[in-house]
Each structure stands twice: as C-alpha cells, then as structure tokens.
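S.K.: Dock chain B against the given chain A, drawing on the hints supplied.
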Amino acid sequence: MKDVRPFFVPRNDLVRVSTWSRLVEDDWEDLGAFVENWDYRTRLHLRCHVACDVAAIRTSARLDDGSPIGWSLGWRATDTGLLGDPVVVPVSDEPQTVVLDIPADRAGAGLMLTRRIVLRRDRMSATPGTARWAGSILWSDETPLRLTGQGSAFPSEAVDFRAYGLDPAVSWYLELPATTDLPAMGSMLLLINSADAALVAAVTRQRRHTEVQTALVQAMEEGVVEQLVRWALVRWDQLDDVEPDSIGAAARTLATRVLPDPDGWTDPHVDQMDLTAAIIAGARRIGWGRSLA
Amino acid sequence: MTQLWPRLGPAAARTIYFGLRRRTITELAGEARPTHDRVTYAATGGSRVAPTEIAALTDDLRRAATEFGYPVPAEDAERIAFDRAAAEILYARMDLTTVEAAHNGIWNFLALVAAPDLVLWRWTGSTNVERWICTDRTRHMFARLWWQALTFDTPTGDGRPDHSLLRSLSESDLNQITERRSIAGNPRLAQAVARLLATAPAETRRRDLLRTITPRLRRRLAFVDFSVLTDEQLDDHLRVLAQAPDDHATVTPAWHHPIAQTFE
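Protein chains in written order, with my numbering: chain A, 1 to 293; chain B, 1001 to 1264.
Excised from the complex, chain A in its bound form (with noise of 0.2 Å):
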C-alpha cells in the first residue's frame, strides 16, 4: 500500500543515509539481518550516519518559515509493540553519525528500527498541505532486526493430539485466532501430531531432507497457507485497518502475495477447489510447497 501523507514531503534523493552497524567488542560491524546470540543481558549499541539538503528538504516539503525539523531514530519491538525512546537529533547539512542503544529489558524479540525526519513545534499558521502537527514525519524508513531466534520461526510445537483433544488421525492442526488483532507470533500455533514420527523428524531437522521429508514438509507447508490464506479471505474486509504485525496484517500480507486478486476470491459461492488450485499455484510460485521445475 502506498504511503499518502496528508501534507508535502521531500524528495527520497535528498536524504542520505547508511546501513545501521554495531559495536562488537571494540569494532563496529554491520547490522544484519538477526543479531547472533542475543539475551536479555545484552544492550545494543548500533549507529548510522545520516545526511541530508536541508534547504531543498524545506523547500520540497514547503516547510520555508524556519520551522525545527530533526532527526528521530528510534525502534519499536515487532512482537509486544513496545516504542523505545528516539534518539532526536536537529537536521544538519553536515553528515552527522547517530549512536541509538537499545536496552535489553525493553527490547523485543524482534524489532524495527526507525529512522525519521520530524517536524518537531506545531506549526498554527500552516497552509494546506503542509506539515502542521509536531512529530509529523516527512521521511522515513525502517529496517527489521530479529534478536531472539534465527531466521522466520514459525510458531509450532509437537504435541500429543489424543491428550489435546484432536483426530490422533491427523499430522497437523493450524490454530488461528477468531479476531484479527492479536499479535501474529502469539495467537496461531502449529500443532505437529507427535504420533506422527516421520513428519516431527522431517520439521525438526534443519538440513539434508531426504526425498520423502521434503515431501513431507512442502505438503504441510502448502496446507498451512492454504488455511492462513482462506482465514484471511473470510476476514478480508476486517484486514484493512489491522494493526502491524497482527495475524490479520500478516495473513492479509500472505493473501496478496498468494492470490493476485484477492477481493475477487472472497465471494463464498467461489469454486472451493478453484480457490485451492489457485492459493496452491500462488504458494509455489513464491517458493513455498512443491517446485515442479
């Protein structure tokens, strides 16, 4: 979805700036993807360098009456939507390198960090179309970093179906919440029927499947987006106004991903076997489920 802001921003080409790092010992490293080994012991201490063309950022953004505009880096916890407090900083036409530590007692299991450029005093007299409320973000951007776990953990658990009240007949049961806000890492679950003993070695090993295990989990993985795809659809005209990191903002995401039309695929008279046909093609195009290539 397009970000509209209800008031003029800068162009992206007068803003700046690089990849976040971080301090290793006594070495700066870059920041990927995932910090390796993080607990709750460990405060992270991460920086950028940010530039910017003040005077073209004020004249794009029609915001020439002097206003206070700065920098705000800051980060939000992805799974408990926590803010941190931002480091804020005035614009400067100098590069300037700003230093963000996050502690860990306040952290998350994953998180966003966030860089923006604010307006930091309300404005009484704006025109319209520009900027007039304090905080009013004129440019962002926002880079994901997961700190507890490796890689896109899917919420599972291998359980012992007869005691927890499902078919023992069954390898799998996606649990998905009724409404759409909760958080997506908290309200769905993956149930593995632990009776089933070839699937359980086939999810829980990590490489080298044999022919049958990979068999066995793209199955299962497309039966999953099958069930997460069709749980959106039935909510589809709730998953509008979800909150981030939501199971509806994650199952809409997945949705679109999967069907290039979703809103045509919401009717409940549509062909049942068409709609798997098409979210099962959907999957594997991207990269999820069996390859026939």
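Incorrect hints may have been included.
Looking from chain A toward chain B, a few residues come up when the C-beta cut is under 7 Å (computed) [claimed, not checked]:
id	residue
1	G81
2	G108
3	A109
4	V118
5	G129
6	R132
7	W133
8	S136
9	E157
10	R162
11	A163
12	V270
Among the chain A residues that face chain B by a calculated CB cut under 7 Å, a handful are [stated by the list, open to error]:
id	residue
13	I137
14	D141
15	L189
Covered stretches of chain B (chain A as the covering partner; in silico rule of three or more C-beta atoms under 8 Å from a C-beta of chain A) [what the hints assert, rightly or not]:
id	segment
16	1030-1039
17	1059-1072
18	1076-1085
Don't read these hints as lab results, they were simulated from the structure.
Bear in mind the structure is a predicted one, so any value in this text is a computation, not a measurement.
No residue lacks a Cβ here, since even glycine has one placed at the ideal position from N, Cα and C.
M.R.: For chain B alone, coordinates are given in the frame of chain A:
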C-alpha cells in the same frame, strides 16, 4: 539480575486447564504450587526464579485478595480494586524484561499452576479461557496486570515506580487504551490519554471521550511520530484532538430502504 520465570507451553497449558475445570476455589488453592514438571525456561539471559520467590509472590497476591473478599465471591468493584493492587505486586516482584513478559508461557504457569485459585476467584462466572491461557496479554489474568503497571508507571525522581495514574483509571478506560497496541505500545502516549481522562470536565463521559479521540489518534499515528513529543506537547495534541471537529470523518448513513429489513 533479570529473572527467568517458568514457562508452560500452550499444549501443556491446555491439558492442565481442562483438568482444572469444575474445581472450587478452595480446591485450587490446595493444589497451587510454585513448580511443575512441564515448565521450561529461556536458555540464557538471567537467573531462574526460585520456587520460594514464586511462593512469596502468590502469598502477597492472596493477601491482597483477602482484603477484597477472597476466597468468598466478591462484587465487581472489589475484584477490580484487587486488579490494581495485584498489578503493583506483580510489577514489583517480577523482575522481567519485556521480551520475557511477552512470553505467554510465564503467564500460563502463574495462572494454571502457581495461583489458579486467584484466577477462578477473580473471574468467577467467566468462561473465557484467555483469562487462564495467554494468547492476548491484554486479556490474561496476570499478563494484563503486569503490562498495565508497565504502561502507566511514572517513575518518581528517585526511580521508584508510581502507579497513581493506573489507580485513577476505570476498567473501561484500561480496556479501551490497552487493547489498542498502537497507543499502549507508546507508554508516554497512553499516559497522556490517561491524563486527559483524569482532567476531563466532570460532565464529560470518559467512555465517550475515549471513543472520540481513539479513532482520530489512530489516524494521526499513520503520519505523526508521537514518541518525539514532550509530555506537554502530547497533552496539548490530545486536548486539541478531543475538541476538534472530526477532520477525516467517514459518514456511514443509515439505510432505511425497506429492502434492508430482509437482511436482518
């Protein structure tokens, strides 16, 4: 030192939950214990909390509950008053990082193993499994209280927690603020909303005020970074938001055509 609390996974939690049904408060109090053989812990990052510390927490919670009628079924007002007291106890006694506190398993353990009697007493008459098994921290018996205390804690000059803002909020206020993660995720913004409610004219219905500003605030959050504002700027912004005509109102007219009746 950060504490690592016992975690009870969703499958084990569900199994225990089914086993607890139809028990009395007294029976559950007798079965409550500070450990369980199905618990796990975070691999690293702190020290495992001792069973004696868990027992001390639940003792404190039961002592507070007794002041509000426990174990005898209590009125709503007493149970809500217990919530406020329990939030302060949980926040003081559980030294958690927010990553640990976001882990559903620790709350499952507290509700199903360490203090199931308190859950049953607090939620007498409720059949909502989310009070016991944590899938949404704004609904779970203990998770919501710890997070409420975190959100509305305004540390004093010497660093001690001050929960007076939390105490000033009604259950309805709390629900409306904390169930919106985009607002509650920024504690300073949530606190500003609480201050707005606390200072609203007496004739203002707080529920109506919240219903007015919440959608407006959520629209603003798309293009305003509230985390860079000072407390004074936040207060000013919310006051203006509460008084302004709805600048992005979406009017949904009622459709009175007779055909609408066929949909009912």
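S.K.: Hints first: check each against the structure and report whether it holds.
M.R.: Right, here's what the structure says about each hint:
A hinted interface residue such as A/G81 counts as satisfied when its beta carbon comes closer than 7 Å to some beta carbon of chain B; here the least separation is about 3 Å, so the hint holds. Checking A/G108 against chain B by beta carbon gives a least distance of about 6 Å; that is within 7 Å, so the hint holds. The beta carbon of A/A109 comes within 6 Å of a beta carbon in chain B, closer than 7 Å, and the hint placing it at the interface holds. Annotation: interface hint on A/V118 holds; nearest CB of chain B at approximately 5 Å, less than 7 Å.
Hint on A/G129 is violated. Least Cβ distance to chain B is approximately 13 Å, over the 7 Å limit. Below 7 Å, beta-carbon pairs count as interface contacts, and A/R132 has none with chain B, the closest being about 10 Å; its hint is therefore violated. Contact between A/W133 and chain B, as hinted, is supported at the beta carbon level, the nearest pair being about 5 Å apart and thus within 7 Å. Below 7 Å, beta-carbon pairs count as interface contacts, and A/S136 has one with chain B at about 6 Å; its hint therefore holds.
Taking 7 Å as the C-beta contact cut-off toward chain B, the hint placing A/E157 at the interface holds, the least distance being around 6 Å. With a cut of 7 Å, the hint placing A/R162 at the interface with chain B is violated, because the nearest CB-to-CB distance is about 11 Å. With a cut of 7 Å, the hint placing A/A163 at the interface with chain B holds, because the nearest CB-to-CB distance is about 6 Å. The closest approach between the C-beta of A/V270 and any C-beta of chain B is roughly 21 Å, which is over the 7 Å cut-off, so the hint fails.
Hint status for A/I137 relative to chain B: holds, with the closest Cβ pair at about 5 Å, below 7 Å. Hint status for A/D141: violated, given a least beta-carbon distance of 13 Å to chain B, over 7 Å. Contact between A/L189 and chain B, as hinted, is supported at the beta carbon level, the nearest pair being about 6 Å apart and thus within 7 Å. Given a C-beta distance limit of less than 8 Å, the hint that chain A covers the segment 1030-1039 of chain B is violated, as 0 residues qualify and 3 are needed.
Closer than 8 Å: that is the beta-carbon criterion, and the segment 1059-1072 of chain B has 0 residues meeting it against chain A, so the requirement of 3 is violated. Evaluation of the coverage hint for the segment 1076-1085 of chain B: breached, as 0 residues show C-beta separations to chain A shorter than 8 Å, against a requirement of three.
Checked against the numbered hints listed earlier, the structure breaks hints 5, 6, 10, 12, 14, 16, 17, 18; every other hint is satisfied.
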